[in-house]
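Novice: In terms of our numbering, the sequence shown has 88 at position 68, counting the first letter as 1, and numbering is strictly consecutive.
Keep in mind that the hints are not guaranteed to be accurate.
[What the hints assert, rightly or not] FRET-style restraints, in silico, Cβ to Cβ:
(1) E122 - F102: 19 to 27 Å
(2) P88 - T268: 35 to 43 Å
(3) E122 - A191: 34 to 42 Å
(4) P291 - E161: 40 to 48 Å
(5) G128 - A233: 44 to 52 Å
(6) G163 - G143: 45 to 53 Å
(7) E91 - G195: 34 to 42 Å
Worth flagging that the hints you see were computed from the coordinates, not collected in a lab. From the three backbone atoms N, C-alpha and C, an ideal C-beta is built for every residue, glycine too.
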Amino acid sequence: MTTISTDLELARRLEEAEAFAAEAFARQLARRRPGADVAVEEVAGGRAVFAGRGSPLTENKAIGLHGPVTEADLDRMEAVCFSRGEPSRVVVCPLADPSLVEGLGRRGYRLSSFENILAMPLGRDDPKPHPGHGIEVRPVEPGEAEVYARVVAPNFVGPGESIDAVLEMVAVMLGMEHASPFLATIDGQAVGGGAVLIHRGLALLAGAATLPAYRNRGVHAALHQARLALARRSGCDLAAQGAQPGSTSQRNAERRGLQVAYTRALLVREPA
21 MTTISTDLEL
31 ARRLEEAEAF
41 AAEAFARQLA
51 RRRPGADVAV
61 EEVAGGRAVF
71 AGRGSPLTEN
81 KAIGLHGPVT
91 EADLDRMEAV
101 CFSRGEPSRV
111 VVCPLADPSL
121 VEGLGRRGYR
131 LSSFENILAM
141 PLGRDDPKPH
151 PGHGIEVRPV
161 EPGEAEVYAR
171 VVAPNFVGPG
181 ESIDAVLEMV
191 AVMLGMEHAS
201 PFLATIDGQA
211 VGGGAVLIHR
221 GLALLAGAAT
231 LPAYRNRGVH
241 AALHQARLAL
251 ARRSGCDLAA
261 QGAQPGSTSQ
271 RNAERRGLQV
281 AYTRALLVRE
291 PA
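Using the sequences and the hints, build the whole thing.
Specialist: So this is what it looks like as structure tokens:
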């Protein structure tokens, strides 16, 4: 297994792919719902994205990876959310210029959470394992947005919470350029799903989930293999995903060859 060497160049690729994904989501949301309040602002080499109140895609990403971050940069970044009464949420890569953390510290940002970013190199001649017995993985077809959403949504909401917001997120994602969602089926029944977004040779894996009754049967592995196969066919040389430290998602990713490249932090400031 090839070891990932974490440096500024790698961090830029990983963080810029995520910033691109957030921007693509916001722009697709605007196309899907004309008049929706969305915004994308380029700031210090990254993007400040507003994709709706409370949206997990409303974040500032890839900031400070191309040099110092000024007070004026931070003012423009915060204005995107503060002008809408929304907290400013900044994803901080540990390889960002120190001026970013210093500036956020002066403004009273608090630590909210950590996330591991895992990556693995891809080669065209990598082995292509076959799905487990009885599992079929295929691209989501037109008209299957709700089927896909109802398979993956339960993995991203808590007990008793409405899945409506997740259903809307999935519907928007299915219309995004560069994003390819897959369904996993057993005996014709949709049992899992996952997507891959390709940006400049990097395959960003996201949203994989399996219905509880079908876990531990190889569904997640089959989805992983299908998405990487598409990435290789598309000429990608790198795959990546995020995971909470110590989570099942991280363990699954590591079993399939991804390695932790770095741990990043989410810092938050409420509007005044």
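Novice: Give a verdict on every hint.
Specialist: Evaluation of the provided hints:
Taken as a hint, the range 19 to 27 Å holds for the pair E122 and F102, whose Cβ atoms sit roughly 20 Å apart. Checked against the given bound of 35 to 43 Å, the beta carbons of P88 and T268, roughly 38 Å apart, stay inside it. Checking the proposed 34 to 42 Å range against E122 and A191 shows it holds: the Cβ atoms sit about 40 Å from each other. For P291 and E161, the hinted distance range of 40 to 48 Å is satisfied, since their beta carbons lie about 42 Å from each other.
At about 46 Å, the CB distance of G128 to A233 agrees with the hint of 44 to 52 Å. Distance hint for G163 and G143: a CB-CB separation of about 35 Å, inconsistent with the stated range 45 to 53 Å. The given range of 34 to 42 Å is respected by E91 and G195, whose C-beta atoms sit roughly 38 Å from each other.
Hint 6 from the list above is the single one not met by this structure.
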